[in-house]
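Fit chain B to the known structure of chain A by using the hints.
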Amino acid sequence: MEEAKLSKKDVRKSWFNWFMFAQSNYNYERLQAVAFAHAMLPIIKKLYPKDKEKQKDGITRHMSFFNTEPICGSVIHGVTVAMEEERAKGQPITDEAFNGIKTGLMGPLAGVGDTLTQGVITPIMLAICIGITNNNNIAGPIIFLIAQFVIMTGISYNMWFNGYKYGRRAVEEIMSGGKINRVIEAASLLGTMVMGGLVGRFIPLEFYLNFKLGGGSIFNLQYDLLDKLMPGLIPLILTLIVLHYVRKGTSPIRLMGALILFGIITGCMGIF
Amino acid sequence: MEVTFLQAALIGLFYYLSWSPWFTYVGFFTFNRPLLAGFITGIILGNPLEGALIGAGINVIYLGFISAGGAQMGDPSFAGYVGTALAIASNLDVSTAMAISVPLGTIATVLWIAKMTVNSFFVHWADREVDKGNVNMVAFINVVPSQILLFAMSFIPATLVVYYGPTAVNGMLSILTPNILHVFNVIGAMLPALGIAMNLKLIGNNFTMPFFVLGILCSVYFHMDIIIISIIGIVIALTVSAINYRNGNKGGTV
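Protein chains in written order, with the working numbering: chain A, 7 to 278; chain B, 44 to 297.
Looking at chain B on its own, in the form it has when it is part of the complex:
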């Protein structure tokens, strides 16, 4: 399908908003995630369900995404908004969409680094104003210049890639054979291992890892929905926690 310039600009705008403070800090935990990004992009392009499904797939890769002290592995939001838009425009399946979103998200990290560098200059501006006694300028500098910068650095590239990208992707697809598309599917099936492993680094240990195997079996062998697996997980977690902390025991299995 054809992406109009207005649609591309709307997607670019939401990409900016997802990193901005205008949805409060919770925006980082919601609009910034590919699941929601895909859904919103899908609404803008007239196919919410397709968008949500693609976003869900991309999000698995970034499941273990942690931003700590400004260091991070790519930009899940860019991968979510732009990746979903390109996938819908070029009729890609979810695995192929996942495979093309990852490089997009990795390149977009540059935007984040540039933003954090330029923002350092505004701190000195704030220092000077406070020194002169203009304490109210702290609020202005915290919000206005940094947001103008962020807008320019996020809205423009995202809009341009969404508007001109589909032509490039279609050109690429026209020379691909079914065999190469199969390779894309294999890559798309491997990348989620990274997102899941990154999260397991944090929560997986000798005590919890057996339940990882149980989760796999529930899903692959018993074909249970994630919701059912979560409910079983809650039951087990509450039981184990109750046993661990019985008689004032401080626990310590983790």
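With the rest of the complex left out, here is chain A:
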């Protein structure tokens, strides 16, 4: 077998181009296409140092429609870099094969990636650091900043190099190995519980309604009934109602409008 033509530095350079500029030219037509080509630039130039025509073909084949979650999706780029290297060594890998791999993997990895980075890691880190901030502690945003950089950079870099090292096998490992499901499952449980903690802090809705009883005593719906049954019942019910509509597919903007309107009405009537 021939010697590998790419050094670790080349692969790292390619990763860095993507890690910086993945969304720089994000657009409706081909989404991350130019960023993908940008990431492949150091690879193609290294593999075909003198052949201008092959450089041109190489970049053109990576200018096609591409869209995935930039952090976890890095594994696709790793696989692509490995394939480019094989092709330069003389393996018969067609342009269609590149396209097939890229478009076949980008969807599933966008799904897993968005769930992991935007749905689980970021909200949990945010919830914890919002909690810290709310105790008048300035460390909240600082811890958030450092933790996010460490976690996200670590995932992205490892995904890229695993894809490069193990090729398609790395992707299969991630998608079917059950490991990622186990992580998402455990993190979902933690996340859901922390969301509950936030509800208590940030939705301080209480009934203001009082009823006059005989003998001059006053019955307060909140203190005399709800707090004895289950404190936090109103925020719980409100969140569940909103969740119901989110699941039904009502647009968030419309729900925002509805909540503002509901707030105006109940606020004016003195219910809350």
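Hints listed in this document are in silico derivations from the structure and should not be mistaken for laboratory results.
Incorrect hints may appear among the rest.
[Claimed, not checked] To give an idea of the chain A side of the interface with chain B (calculated C-beta under 7 Å), a few residues:
no., residue
1, Tyr34
2, Gly197
3, Phe213
Using N, Cα and C, we set each Cβ at its ideal position, and we do this for glycine too.
Only chain B this time, still in chain A's reference frame:
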């Protein structure tokens, strides 16, 4: 307090940076979030803690913020930087700040849509250059024109709103009675339900939802800090996961 033009421009600059690639892609997961945006705005305006507290409140509304394929619910970063600046300048409390930030963030979505539309033209430019054999132009086009566009479209509106906004907000506040401010507080207390529900859509299911109730009780009844609730959550999550995957079981509760 008075916001100087330099302060307004600095806040506008950070708003641009939060959407730019200059903090790497992790900028989207950090500087783009109202918690950090509020903190930075607070530093610029000389009150970091106040800024962080307002940012934290605004961030709860955008907790479930997911940007997938370019579709999204408002601009959390605009709400974070500009909303916090207006709140500090006009002495608003956190709930009122939350209520005024949401419309700001929703309007700012227009900037995002315009950016993604104009960026499409640069792709064709890149096509042409590669066709001529100028492969290095791909790097240039990916970064320079799109960033000049983004800078113009983010820095200018944010700076102007931060500089001229407080006058408008103060004018509005002077005609508001305590009753209307109470309504703002109610709205501010309702909006976080959306952020939390959006996140629960993704991670909440029949298996995890009981723990949502547990989280509420820990916070409202036992008055626990989020940190303590998270630690309890980690303990439960690890235990449940270990039980689920015992004997090579593939799990499947989610």
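Going through the hints against the structure:
no. : hint   : in the structure
1   : Tyr34  : holds (5 Å)
2   : Gly197 : holds (5 Å)
3   : Phe213 : violated (12 Å)
In this structure, only the earlier hint numbered 3 is contradicted, and the remaining ones agree with it.
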